[in-house]
Amino acid sequence: DTEVTQTPKHLVMGMTNKKSLKCEQHMGHRAMYWYKQKAKKPPELMFVYSYEKLSINESVPSRFSPECPNSSLLNLHLHALQPEDSALYLCASSETGRNSPLHFGNGTRLTVT
Amino acid sequence: AQKITQTQPGMFVQEKEAVTLDCTYDTSDPSYGLFWYKQPSSGEMIFLIYQGSYDQQNATEGRYSLNFQKARKSANLVISASQLGDSAMYFCAMREGAGFQKLVFGTGTRLLVSP
Numbered sequence: 001d002t003e004v005t006q007t008p009k010h011l012v013m014g015m016t017n018k019k020s021l022k023c024e025q026h027m028g029h030r031a032m033y034w035y036k037q038k039a040k041k042p043p044e045l046m047f048v049y050s051y052e053k054l055s056i057n058e059s060v061p062s063r064f065s066p067e068c069p070n071s072s073l074l075n076l077h078l079h080a081l082q083p084e085d086s087a088l089y090l091c092a093s094s095e096t097g098r099n100s101p102l103h104f105g106n107g108t109r110l111t112v113t
Numbered sequence: 114a115q116k117i118t119q120t121q122p123g124m125f126v127q128e129k130e131a132v133t134l135d136c137t138y139d140t141s142d143p144s145y146g147l148f149w150y151k152q153p154s155s156g157e158m159i160f161l162i163y164q165g166s167y168d169q170q171n172a173t174e175g176r177y178s179l180n181f182q183k184a185r186k187s188a189n190l191v192i193s194a195s196q197l198g199d200s201a202m203y204f205c206a207m208r209e210g211a212g213f214q215k216l217v218f219g220t221g222t223r224l225l226v227s228p
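Chains A and B are the protein sequences, given in the same order. Numbered per the working numbering, the first sequence spans residues 1 to 113. Numbered per the working numbering, the second sequence spans residues 114 to 228.
To be clear, the hints were calculated from the coordinates, so they are not data collected in a lab. All residues carry an ideal CB built from backbone N, CA and C; glycine is no exception. Where hints are given, some of them may not hold.
[Unchecked claim] Chain B regions said to be covered by chain A (calculated; three or more residues, Cβ under 8 Å):
no.	stretch
1	125-136
2	186-192
[Said to hold, decoys possible] Here are a few chain A residues that sit away from chain B, every Cβ distance over 12 Å (derived from the structure):
no.	residue
3	V4
4	Q6
5	S20
6	E52
7	S55
8	E58
9	C68
10	D85
11	N99
12	L102
13	V112
[Claimed, not checked] Derived, one-sided and incomplete: chain B residues facing chain A with beta-carbon distance under 10 Å:
no.	residue
14	F148
15	Y163
16	G221
17	L225
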């Protein structure tokens with residue numbers, strides 16, 4: 001079982017909807033990440049939070065809004081998405097440092113209609 | 114510029130045989146970390162093995178080993194005694210950037226293990 005929990009597993013939303021993806025980890029990690037993965041492509045980094053502060057935003061459109069309420073939780077708020085935003089969204093956590101692997105959740109499969 | 118290169122889009126191997134998945138990387142930083150992940154069709158990313166740039170020995174984790182050739186900037190994954198459950202996508206990745214916060218992935222290799 002993964003130690004990073006993502007909800008929901010699947011999400012279908014219209015372009016005018018507002019929804020949120022949730023991620024929780026209880027490994028005491030101080031870094032958390034959002035990745036986007038399109039079919040048959042590698043994951044692409046979206047955001048990095050380090051010690052609950054946003055440290056990296058990979059020029060992600062503002063219709064994606066991350067939030068880190070505390071060291072265990074990471075949310076991704078979605079608003080006015082486009083069909084091309086349909087993808088697998090992966091959350092991960094890690095200790096800080098170059099030798100620390102990221103531990104991923106099972107992902108949320110998002111479909112924008 | 115592509116930092117991680119995986120030149121094999123697909124690989125086939127028979128059960129119980131060994132297979133090598135290739136990965137080359139590009140960095141000018143003397144300190145870096147290399148990782149391999151497995152992604153089954155269900156979607157989760159499973160961490161397999163890590164190699165640090167200063168590590169003197171090749172990393173091993175059970176049936177997984179990493180053939181690390183620093184001068185050639187290659188970090189190939191070797192899976193011994195393949196099992197049907199090894200069929201999946203395999204990604205090589207490297208930590209980079211300020212504070213090594215970014216984990217950047219290669220394009221992946223799809224491995225199919227046949228009986």
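Does the claim that V4 of chain A lies outside the interface with chain B hold up, using a Cβ gap greater than 12 Å? For V4 of chain A, whose nearest Cβ neighbour in chain B is about 9 Å away, the distance does not exceed 12 Å, so it is violated.
Per the coverage rule (Cβ-Cβ under 8 Å, at least three residues), is the stretch 186-192 of chain B covered by chain A? n = 0 at 8 Å, threshold three: violated.
Cut-off 10 Å, beta-carbon criterion: hint that G221 of chain B touches chain A: 6 Å, holds
Can we confirm that no CB of chain B comes within 12 Å of the CB of N99 of chain A? Non-interface label fails for N99 of chain A: nearest chain B Cβ at 5 Å, not farther than 12 Å.
Whether C68 of chain A stays farther than 12 Å from all C-beta atoms of chain B, as the label says: 14 Å, holds
Is it the case that V112 of chain A keeps its Cβ farther than 12 Å from each residue Cβ in chain B? 18 Å, holds
So is L102 of chain A really clear of chain B, every C-beta pair being over 12 Å apart? 5 Å, violated
Whether Q6 of chain A stays farther than 12 Å from all C-beta atoms of chain B, as the label says: 10 Å, violated
Does S20 of chain A really sit off the interface, with its C-beta more than 12 Å from all C-beta atoms of chain B? Given a closest Cβ separation of 20 Å, the condition holds.
Interface hint compliance - L225 of chain B to chain A, C-beta minimum distance less than 10 Å: The hint is violated - L225 of chain B has no Cβ within 10 Å of chain A, the shortest such distance being about 15 Å.
Counting residues of the stretch 125-136 of chain B that have a beta-carbon nearer than 8 Å to any beta-carbon of chain A, does the count reach 3? Contact hint for the stretch 125-136 of chain B vs chain A: violated, 0 residues under 8 Å.
For the restraint on Y163 of chain B, tell me whether the closest CB of chain A is nearer than 10 Å. Holds. Min distance 6 Å.
Figure legend: structure checked against the earlier numbered hints; hints not met, in rising order: 1, 2, 3, 4, 7, 8, 11, 12, 17.
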